[in-house]
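Enquirer: Input sequences plus hints: build the corresponding full structure.
Protein chains: 2
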Amino acid sequence: MGLRSFLHRLTAPKIGGMVEARPIKLALVINHSLGMKKGKIAAQVGHASVQTLLSAGSSTPKMVDAWLAQGQKKVCLKGVDEQHLTELQAKARQLKLHTSKTIDAGHTQIPKGSFTVLAIGPSYEDDIDAITGELPLL
Amino acid sequence: MGLRSFLHRLTAPKIGGMVEARPIKLALVINHSLGMKKGKIAAQVGHASVQTLLSAGSSTPKMVDAWLAQGQKKVCLKGVDEQHLTELQAKARQLKLHTSKTIDAGHTQIPKGSFTVLAIGPSYEDDIDAITGELPLL
Numbered sequence: 000m001g002l003r004s005f006l007h008r009l010t011a012p013k014i015g016g017m018v019e020a021r022p023i024k025l026a027l028v029i030n031h032s033l034g035m036k037k038g039k040i041a042a043q044v045g046h047a048s049v050q051t052l053l054s055a056g057s058s059t060p061k062m063v064d065a066w067l068a069q070g071q072k073k074v075c076l077k078g079v080d081e082q083h084l085t086e087l088q089a090k091a092r093q094l095k096l097h098t099s100k101t102i103d104a105g106h107t108q109i110p111k112g113s114f115t116v117l118a119i120g121p122s123y124e125d126d127i128d129a130i131t132g133e134l135p136l137l
Numbered sequence: 000m001g002l003r004s005f006l007h008r009l010t011a012p013k014i015g016g017m018v019e020a021r022p023i024k025l026a027l028v029i030n031h032s033l034g035m036k037k038g039k040i041a042a043q044v045g046h047a048s049v050q051t052l053l054s055a056g057s058s059t060p061k062m063v064d065a066w067l068a069q070g071q072k073k074v075c076l077k078g079v080d081e082q083h084l085t086e087l088q089a090k091a092r093q094l095k096l097h098t099s100k101t102i103d104a105g106h107t108q109i110p111k112g113s114f115t116v117l118a119i120g121p122s123y124e125d126d127i128d129a130i131t132g133e134l135p136l137l
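Protein chains in written order, with numbering that gives the first Met the number 0: chain A, 0 to 137; chain B, 0 to 137.
These aren't lab readings, by the way, just hints derived from the structure by calculation.
Warning: the hint list may mix true and false statements.
Heads up, the list lumps identical chains together, so a pair's fine if it works in one copy or across two of them.
[What the hints assert, rightly or not] In silico lysine to aspartate or glutamate, EDC-like type, Cα no more than 20 Å apart, as pairs:
1) K37 x D80
2) K36 x E81
3) K36 x D126
4) K39 x E124
5) K39 x E133
6) K90 x E19
7) K39 x D128
8) K77 x E133
9) K36 x E124
All values reported here derive from a predicted model rather than from experimental measurement.
Expert: Quick look at the structure:
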């Protein structure tokens, strides 16, 4: 999605009230089974962060605004494999949390179409911890 | 900067022509001297990517649009230390390339105020390589 369509969606009428004064974060769950090196992981987290800003920026703009104002907290967590990430995404959606799935283009290191990072949020820290609280830090 | 000010700046009059059909990328130079672990590096690259989207999205929106349309290529490179990143930023600015400096809030691992990541771009790959072409991949 380009900036123009992002802009268009941002300027559409918004529904929803104020964001509460509670800590907000973005969780980034990495698919550990792919054996990505640290530079590859960092680039995938960069992709996931940009995707999140674009998609959550239109679906939950007040939450994104509040997250940016709080310093855009991010936490990188270790997920097992694609099935694990898919299960976490389903749970997050049940709780109406924003999610974004990053798929690798396959130019380097890993097969095209690999599910590299699941982003959950930005949303209230305790709501996200209900999904990811058991996962180890990367 | 929140989404509202981003929106305001995006809707300001733009100057400049079309973007050429050449590969575009974002370089992310990591301050290796800080000894950050991979999850910390990934989160800092996430911050740098978001900052870049917000700031370059207003200063060079056509370039950002084209970068997103090409798949938002990112490359993570190993920089030596804060002085090295500062020198690279000065060179990039001389070539009129967009840069963004990520400073850590110091909640974990490293001292508050550490210069963790220098983002250069998004811009044409060969222009960025003129600055970062000698640096090893992270």
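Enquirer: For the identical chains here, do K36 and E81 meet the 20 Å Cα criterion within one copy, between copies, both, or neither?
Expert: within (17 Å within a copy, 23 Å between copies)
Enquirer: Reference check for the pair K90 and E19, CA-CA at most 20 Å: within, between, both, or neither?
Expert: Answer is neither; intra-copy 23 Å and inter-copy 43 Å both fail.
Enquirer: For the identical chains here, do K37 and D80 meet the 20 Å Cα criterion within one copy, between copies, both, or neither?
Expert: both (17 Å within a copy, 18 Å between copies)
Enquirer: Give the relationship of K36 and D126 under a CA distance limit of 20 Å: within one copy only, between copies only, both, or neither.
Expert: neither (30 Å within a copy, 26 Å between copies)
Enquirer: Within a copy, between copies, both or neither: where do K77 and E133 come within 20 Å Cα-Cα?
Expert: within (10 Å within a copy, 32 Å between copies)
Enquirer: If the cutoff is 20 Å on CA atoms, where do K39 and D128 land: within, between, both or neither? Let me know, please.
Expert: Between copies only: 19 Å across, 26 Å inside.
Enquirer: My question is about K39 and E133: at a cut-off of 20 Å on alpha-carbon distance, are they close within one copy, between copies, both, or neither?
Expert: Intra 24 Å, inter 19 Å, cutoff 20 Å: inter-copy only.
Enquirer: Regarding K36 and E124, is the shortest C-alpha distance of 20 Å or less found within a copy, between copies, in both, or in neither?
Expert: neither (28 Å within a copy, 22 Å between copies)
Enquirer: Can you give me the call for K39 and E124, within, between, both or neither, at a CA distance of at most 20 Å?
Expert: between (26 Å within a copy, 18 Å between copies)
Going through the hint list in order, the structure does not satisfy hints 3, 6 and 9.
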